[in-house]
Every structure is written in C-alpha cells, then in structure tokens.
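Top to bottom, those sequences are chains A and B.
Be aware that the first sequence starts at 1, since it is given in the numbering used here, and climbs by one per residue.
Be aware that the second sequence starts at 360, since it is given in the numbering used here, and climbs by one per residue.
Take these hints with a grain of salt, some might be off.
Said to hold, decoys possible - Quick list of simulated restraints, FRET-style, between CB atoms:
| # | chain 1 | residue 1 | chain 2 | residue 2 | range |
| --- | --- | --- | --- | --- | --- |
| 1 | A | 269 | B | 501 | 50 to 58 Å |
| 2 | B | 415 | A | 102 | 44 to 52 Å |
| 3 | B | 434 | A | 75 | 39 to 47 Å |
| 4 | B | 403 | A | 69 | 48 to 56 Å |
| 5 | A | 192 | B | 568 | 25 to 33 Å |
| 6 | B | 501 | A | 115 | 30 to 38 Å |
| 7 | B | 531 | A | 127 | 54 to 62 Å |
| 8 | A | 260 | B | 480 | 25 to 33 Å |
| 9 | A | 115 | B | 492 | 27 to 35 Å |
| 10 | A | 69 | B | 501 | 42 to 50 Å |
| 11 | A | 192 | B | 403 | 54 to 62 Å |
Said to hold, decoys possible - From the derived model, a few chain A residues whose C-beta atoms are all more than 10 Å from chain B:
| # | residue |
| --- | --- |
| 12 | 84 |
| 13 | 99 |
| 14 | 110 |
Unchecked claim - Listed below are several chain A residues computed to face chain B (Cβ distance under 8 Å; list not exhaustive):
| # | residue |
| --- | --- |
| 15 | 79 |
| 16 | 288 |
| 17 | 291 |
| 18 | 292 |
Just so you know, the hints here were simulated from the structure itself, not pulled from any lab data.
As the structure is a computational prediction, the values presented were derived from the model and not from experiment.
The beta-carbon is built from N, C-alpha and C at its ideal position, and this holds for glycine as well.
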Amino acid sequence: MIEVRLQLNYSGFALDVDLKLPGRGVTALYGHSGSGKTTCLRCIAGLERAGDGFVQINDQVWQDSRNGVFVPPHKRALGYVFQEASLFPHLSVLANLEFGLKRIPKGQRRVDLAHATQLLGIGHLLDRHPQHLSGGERQRVGIARALLTSPQLLLMDEPLAALDSQRKGEILPYLERLHDQLEIPVLYVSHAQDEVARLADHIVLLSEGKALASGPIGETLARLDLPLARGDDAGVVINGTVSSHDAHYQLLTLQLPDSPLQMRVAHAPLDLGKHLRFKVQARDVSLSLQPGEHSSILNCLPVTVTQEIPADNSAHVLVRLDAAGTPLLARITRYSRDQLQVHPGQALWAQIKAVAVLA
Amino acid sequence: MPLSSADFSAIWLTLKLASLTTVILLIIGTPIALWLSHTRSWWRGPIGAVVALPLVLPPTVIGFYLLLTMGPHGYLGQFTQWLGLGTLTFSFAGLVIGSVIYSMPFVVQPLQNAFSAIGSRPLEVAATLRANPWDTFFSVILPLARPGFITASILGFAHTVGEFGVVLMIGGNIPDKTRVVSVQIYDHVEAMEYAQAHWLAGAMVVFSFLVLLALYSSRKTKAGWS
Numbered sequence: 001m002i003e004v005r006l007q008l009n010y011s012g013f014a015l016d017v018d019l020k021l022p023g024r025g026v027t028a029l030y031g032h033s034g035s036g037k038t039t040c041l042r043c044i045a046g047l048e049r050a051g052d053g054f055v056q057i058n059d060q061v062w063q064d065s066r067n068g069v070f071v072p073p074h075k076r077a078l079g080y081v082f083q084e085a086s087l088f089p090h091l092s093v094l095a096n097l098e099f100g101l102k103r104i105p106k107g108q109r110r111v112d113l114a115h116a117t118q119l120l121g122i123g124h125l126l127d128r129h130p131q132h133l134s135g136g137e138r139q140r141v142g143i144a145r146a147l148l149t150s151p152q153l154l155l156m157d158e159p160l161a162a163l164d165s166q167r168k169g170e171i172l173p174y175l176e177r178l179h180d181q182l183e184i185p186v187l188y189v190s191h192a193q194d195e196v197a198r199l200a201d202h203i204v205l206l207s208e209g210k211a212l213a214s215g216p217i218g219e220t221l222a223r224l225d226l227p228l229a230r231g232d233d234a235g236v237v238i239n240g241t242v243s244s245h246d247a248h249y250q251l252l253t254l255q256l257p258d259s260p261l262q263m264r265v266a267h268a269p270l271d272l273g274k275h276l277r278f279k280v281q282a283r284d285v286s287l288s289l290q291p292g293e294h295s296s297i298l299n300c301l302p303v304t305v306t307q308e309i310p311a312d313n314s315a316h317v318l319v320r321l322d323a324a325g326t327p328l329l330a331r332i333t334r335y336s337r338d339q340l341q342v343h344p345g346q347a348l349w350a351q352i353k354a355v356a357v358l359a
Numbered sequence: 360m361p362l363s364s365a366d367f368s369a370i371w372l373t374l375k376l377a378s379l380t381t382v383i384l385l386i387i388g389t390p391i392a393l394w395l396s397h398t399r400s401w402w403r404g405p406i407g408a409v410v411a412l413p414l415v416l417p418p419t420v421i422g423f424y425l426l427l428t429m430g431p432h433g434y435l436g437q438f439t440q441w442l443g444l445g446t447l448t449f450s451f452a453g454l455v456i457g458s459v460i461y462s463m464p465f466v467v468q469p470l471q472n473a474f475s476a477i478g479s480r481p482l483e484v485a486a487t488l489r490a491n492p493w494d495t496f497f498s499v500i501l502p503l504a505r506p507g508f509i510t511a512s513i514l515g516f517a518h519t520v521g522e523f524g525v526v527l528m529i530g531g532n533i534p535d536k537t538r539v540v541s542v543q544i545y546d547h548v549e550a551m552e553y554a555q556a557h558w559l560a561g562a563m564v565v566f567s568f569l570v571l572l573a574l575y576s577s578r579k580t581k582a583g584w585s
C-alpha cells in the first residue's frame, strides 16, 4: 500500500493530491504537461519538499510533515529513472551500474548485477562510456542502475519521452519484463496513452495539480465522466486469458475476465491460460441491432448499453457498454445513435473491428 | 650566477606564499562556489559581488583596509593581540590572509562556473542512488568539476605570484618574511640594478606564459553530460 498526500504551492501552480495506491504492479500518473505528475513524483522521492506532505510506502514513512518527519532522498529505498538517462559521464556503464549497488548493504541486495544486465539486455555494453551509447541503450542502463539499489518503489519519470518511436519500441518489452518478473511496485509518469495502456495496472489521472480519478486501468479508461473517454483515441484495456489457438487460421481465442464471452485475435500461438492484455478502441466498435453473421468482422459480442454522452465533437457520441461484466466503449455518430434509438438498458450487438494486443 | 641569494629567497617565499594561498583558497572557495552556484537565496547577489570586488579594486585599497584591520587598533589586530600573537601586519601570515582575499575571485569564479555547468541533476541522481551529500561531493562533483579545479588552482597560484600592491601595503619589504619576487624586482629597479631586475622580470614573464599556455592548451571542448 502506498499512501501519498501532498500539498504544495508555487507561484502559479498548486499541487493537492491525496492518493492511496496499490503496493504492487505499475501505477501510471497520467496527465498533460503541467498537470503536476513530475512534481508529485519528485515529492515522493524527496527531491522536492511539499510544505504539507505525508508519504508512506508499505510500512516505511518517508515524510510526515505534521510530525516533522522528512527522510532525505538518499535514505529512501527508491529507484528513480529520469526522463534523460542522466548517466554519470565520468563513469563507465559498469561503474554507473555499481554506483548504487555498492552503496546498498550486502544483506539488502535483492537484484544482482547479472540479473539486471540480463533483464535489460545491456551485458555487452558494460565497458563502454555513456557518450558512446544510443539513447535507448542509455535509458536501459539508467533503469538497470535504479533497479540495482533493490528499491521498495521504482519511480519512472517519462522514461521514454526523450526517445523516438523506434527506441520506444525497443525499450517497452524490457519494461514489460520488469513488470512480469520483479515484485517492485512502479510509479510511472507519462502523458502517452499507449504506454499507459500497455504497462499500467492502475491509473491516476492528474489535471492542474489535482487527481481527477484513481483506479484500476480497465474501469478507469471506460469511465465516461473523465476527459479520457471523450478523445479520439479513447478505448478500454482488457486482460484476457488464452483459451485456445487455431493453428490453421493463426487465431487465438481469449476469454474475457470473469465472463463466458470470448474474442478472437490474430496472433502467434501462446500457452493456454496465459494472460494477454489488449486494447479495444472506442472508434473500432460499431453497434447493431442484429448479430453480424454475414460479415468479415471476427468479434461480435452481445452487450447492454449503460450510458451515453457527447464526444469531443458534435457529430459523435460515446456509448458505454457492458459485455457480461467487461466494460466497452463505442464511438458512433449521433446519426447512428438516433437511427438505433440507443438508450440505457438496451441490448445490442457490438462489432469489434480491431483488437490491439498490448502485451 | 645572474640571481643572488636574496633573489632565490624571494622566489622561494613567493612559491611558498602562492602554494599556501592556493590550498587555503581551494578549501574555503569550494563551499562558497558551491553555495553561489546552487542557492536561490537573496544573499547570492551581495556575496557574489563581495567575492568579485578584488577584480576591480586597486590592490592598494584592499591593502589599506587590511592594514587598518590587522594593525594594532583594528578588530583583527586586537583579536590577535588578545590571543598573544601580536599583529599580522608585516608578517608572512598577514601576507597569506591578504593574498587569500586578493586572489579569491580567481578561484571562486572558475569553480562556480564548473558547478553551475554540472547542474543539479547529477546530484539528484546520486541521492536517488543512496549517496549522501559528502559522498556525492567526492564521487560526482569533484570528478565532474575537475577541469574547473585545475583552472582555479592555476589562476589562484599565478595571480598570487603576480601580486604587488597588497604585499607592499601590508607586508612591507622584509627579507625572507615578506619580500616576494615582485617586490624584489621593485627594489632592484630602485637600486638601478637593471640587469638583476631583467633576470627576475624575464623569469616572471616566462613563468606566467608557461602557466597560461598550460591552462589554455589543456582546455578541452565542453565535456558532455549524457
């Protein structure tokens, strides 16, 4: 359990959040630039000092300003990955990695050098100097360096923002491996929805220094009362379970969580029972009164309409659907809504044109 | 032999004074430069200006005030007398104090520039990697600011060697105690010993040129922070 309560006033900017976050998995702090995500992270690390603050990570209190407690950053068991890798230019990659490692008592080391270098794929870079690494390599070294302090909490401040999309694609799989293989809770600051959808289990939506929402990613992305849902790239993230694979057509069948419903997706074979995260964009969901039997669309689910709101333009509306417990969003035209006479409680068929497998 | 034993003792005294001054300035100049490069305090302007004053003031002005302060009626003079040390005027210790003040900007400013160029990010990174502030100073700031320390040492040393006015005001001209090379040259000229003056003055020119040559040749293009 992570508890964070921060109040801070700069001229022209105020941060005021009160968050209770899960003590495991990846929590995304998501919002536009200037929303206070990075300030929030820096306060948790103690790099910035909130006038009124309380920060507790599991059983360790890092700040409790009302009782005069402020643990300096170097005494907090945290790992911090900055937006630019910020490797020490006077040290080799190996010496950078060992910088934090050798300052941790032997008994408290839970991540060793071999494991971290293997996890981030940087074993071949150890003798090099930071100046001779690519941006993506630097960032991987930065992440490994933070991990080697065996942190209780890993703070990542837009670690991919300074990279081009190719380098991003190069690092994301490593971040997913961290997520799968290490038990360290991660706070991940980002303004990129695709990263958040791929990595986060929990999301905090920040705007102008305040938390608009905090909750599991599946539920929160599907909430129509948040600005997230109105945009063109709105959608839901679903954690499915692989239930079968059709070798002839190369299609995976995925079971939706706690539901008899299934979806099929083109994908290489995976072990049965494996979890697969995928995103269904609201604009890829169309609605019909009949099941689409004579269609090339693979996935057609029976759904119930739960809510409807205007989208970010007057031609479209957003409809929230319930597919046997799994929320879905559909972005349809206002014209179609009137044609189908969409209303809460109505039973419809959702035709899903595309499913993006995230991880 | 072109140089007399009095010349050699002046050279020796000058080197001793410059070395001691440089060491003291590195010790007290480093925290001042660190503070100036990172503080957001209101005092940053006034303190920075005071440190830079010797750059613009005539050495005689600094020497005059030091003479008053360290003399028998000055605050410092009364304090040292109370300690039973007598006064610092016309002593080697007095020269060291004067040189430290006079050469301060030549040490503090290169250090301050070096620390500002490093910025606060590496310090934050070190803190998140469990390095306490002292540890960070020795393992991050010192190695990254090394070119700044080299520049500061060379300039501090060379500028002290070239000092004349302050020495004359507070040190006078006492052989083996306060008679440094610049004063010795002055004496030679006063005594019409132009040949002697030539040797010493020429040696100063060569020395200063070599020091600056070393300084400017060692300056690499800006070291990158990745």
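message: Hint compliance check: list the failing hint numbers for this structure, sorted ascending.
response: 4, 5, 8, 10, 11, 12, 13, 16, 17 and 18
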